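Visitor: As a plain string of letters, each chain reads:
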Amino acid sequence: MSMNMNDRHMSTESLTMDDAVTKDRVAALARMLQFGDSMFPIGGFSFSSGLESAVQKGVVTDVSTLLAFTRTATEQAARGDGIAVIAAHRAAMVGDVKELICIDESVYARKLSDEARTMSVRMGKKFAEMGVHVLGAPLLHAWRDCILTGQGPGCYPVALAVNFAVQDLSEHHTFAVHQYGVAAPILGAALRLMKVSHLDTQKILYELSEDLDAAYERAAKTRLMDMSGYAPLMDILAAVHIKAHVRLFMN
Amino acid sequence: MIVTGSSPWAAAEALGTSVPELAAFQDEPPQMKSGTVGKTGYLRLGFETRGSRTILAILERRVPYLAQRALYCDQEMPGLASIFLITTTGCLLQGDRLALDIQLGRGAQAHVTSQSATKIHGMDTNYAAQTQAITLAEDAYLEFIPDPIIPHRHARFVSNTQICVAPSATLLLSEILRPGRKHHHPDECFGATIVSLSVAAARPDSRILFREKLVIEPERFAMRQTGVMNTYDVLGNVILCTPPDKADRIFEQVDSDIRLTDGVAFGVCRLPNGAGLIYKVLGRDTAQVKAKVREFWRIVRKEVTGADLPPPFLWR
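So the protein lines, in turn, are chains V and E. Under our numbering, the first residue of the first sequence carries the number 1, and numbering increases by one thereafter. Under our numbering, the first residue of the second sequence carries the number 1, and numbering increases by one thereafter.
Since the hints were made in silico from the structure, they are not lab data. The reader is advised that the hints may include incorrect statements.
Stretch-level coverage of chain E by chain V, calculated; a stretch enters the list once three of its residues show a Cβ under 8 Å from a Cβ in chain V [unchecked claim]:
hint, stretch
1, 134-142
2, 209-219
3, 246-257
4, 262-268
Beyond 12 Å from chain E on every Cβ pair, some chain V residues (computed) [claimed, not checked]:
hint, residue
5, R25
6, V26
7, E75
8, L112
9, V134
10, A142
In this text the structure is predicted, and so the values were computed from the model without any measurement. Note that CB positions come from ideal geometry on N, CA and C, so glycine has one too.
Input sequences plus hints: build the corresponding full structure.
Guide: Now the structure itself:
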């Protein structure tokens, strides 16, 4: 009899704990969705990451080339900025602002196209400001002040990592949101630039998410100095866009 | 990169053990071991101005790297010291290490090229590694335009270039990468196991200008994928470090376009931190890429020195 009571008591307690964990998880998930949303007001929707030129020049013409183009963009992100996202998340978790500035500088030095720099810096600054306004954590204030006083250019991967770290969202989640943030705006731009349906772009987005875990495992083991890439045609598309006369997007 | 108290080519020997992309290829060749005499080459070239021309004031060499003497063969720039880099083994084999150190004193002007294409042979153990340190003092001008790199299938190659450039100096650094001997064997087109090319540039006060690390692993990342190489085979990657006013004038004169039917694509972007420009060319054939690189080189030389290019050699 007493055993039964004990059992019942324990199960109620664990149920409450489960509830608390689930609530925490749901709240974390909701915040991930909020800050990772492609319509989050930091201007991501005004960039096409080279797709505008790719469509104009006949590099991307249909669903299969759009999938391949977006895959190239996410692969490059996983080998480059994604590593910085993880490094910055680790630095933010221990409140190391000096290290964040170094990471920021490393990201900026690897952005070899004008418009890619503009995009990263503009989104990074807005994201930092938004974080201060919405969350107000001390580290977010410190990071925003670093950008405003010119101590760092304020690239987007660092801003994202700081924001997610102060909310205790894991580096794995931050990496995933960053990857999503590369693919979603390209596909959003595709709807406005070429003949492709919402159904197709959603299917592409879903398909690309399959690579996320493997990409994270690789990126989590890579040193910041080994950020790399290889997509020469993407680089040339960025250059073509700078000199283009008719432009709907900022890159 | 230079480790004190050790040989000047220590950086080339250390490079391959430090990069993750070569972690799986650390076994020693059954032939001559890496680092033995004849497999680690070193070349140090120091250019200085004397009167109206630039001389090769410092020349240190260790086989298989070799340079003979400065030639003054450029009719448009008679004071320009031209140097041909020679590797006496003719190619790069597994276990080879090359270290190149180029220094230009204030106002010196030089042109450095290679004697022929750099072939990187197929490998079943170890890898080939190369380090290049390029230092330019104020107002120096260097054109470093070697012939293409040809990585054969199963080649493993890593290259690291450290640039230190004074704010008023100009460096034109061109690299042309072929996909392999594409007419020799069907697996030769992008058949290399790994090609890793990194460049890091800084000012003399150590301020970082930019970094680029290209890692080509065709077995892991599809080369024909949209945005990577598509139907193109040859890459020209040209870095121009020059003061912002010159960079702006050059930028205005250079076109960016993708011509799928002609099989050529090219584009210019401004490097971060006011470092200069980067110009990339893709083509189906080396000749197309060389022609576009030459066009860019012509604009750069005219804008920076006021001189024209000499007519191209018939056999280059």
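Visitor: Against chain E, does V/V134 keep a CB gap of more than 12 Å to every residue?
Guide: holds, 30 Å
Visitor: Are there three or more residues in the stretch 134-142 of chain E whose C-beta lies within less than 8 Å of some C-beta in chain V?
Guide: violated (count 0)
Visitor: Beyond 12 Å from every chain E Cβ: check whether that's true for V/V26.
Guide: holds, 37 Å
Visitor: Check whether three or more residues of the stretch 209-219 of chain E sit with their beta carbon closer than 8 Å to a beta carbon of chain V.
Guide: Contact hint for the stretch 209-219 of chain E vs chain V: holds, 8 residues under 8 Å.
Visitor: In terms of Cβ atoms, is chain E entirely out of 12 Å range of V/L112?
Guide: Violated, because the least Cβ-Cβ distance between V/L112 and chain E comes to about 5 Å, which does not exceed 12 Å.
Visitor: Taking the shortest Cβ-to-Cβ distance between V/A142 and chain E, state whether it exceeds 12 Å.
Guide: holds, 22 Å
Visitor: Far enough from chain E: is every CB of that chain over 12 Å from the CB of V/R25?
Guide: holds, 34 Å
Visitor: With a C-beta cutoff of 8 Å, work out whether three or more residues of the stretch 262-268 of chain E approach chain V closely enough for the coverage to hold.
Guide: holds (count 4)
Visitor: Would the non-interface assignment of V/E75 survive a Cβ cutoff of 12 Å against chain E?
Guide: It is violated; V/E75 is separated from chain E by about 6 Å at its closest Cβ, not greater than 12 Å.
Visitor: Establish whether the coverage given for the stretch 246-257 of chain E by chain V is satisfied; the threshold is a Cβ-Cβ distance below 8 Å, and no fewer than three residues must meet it.
Guide: holds (count 3)
Of the numbered hints listed earlier, those contradicted by the structure are 1, 7, 8.
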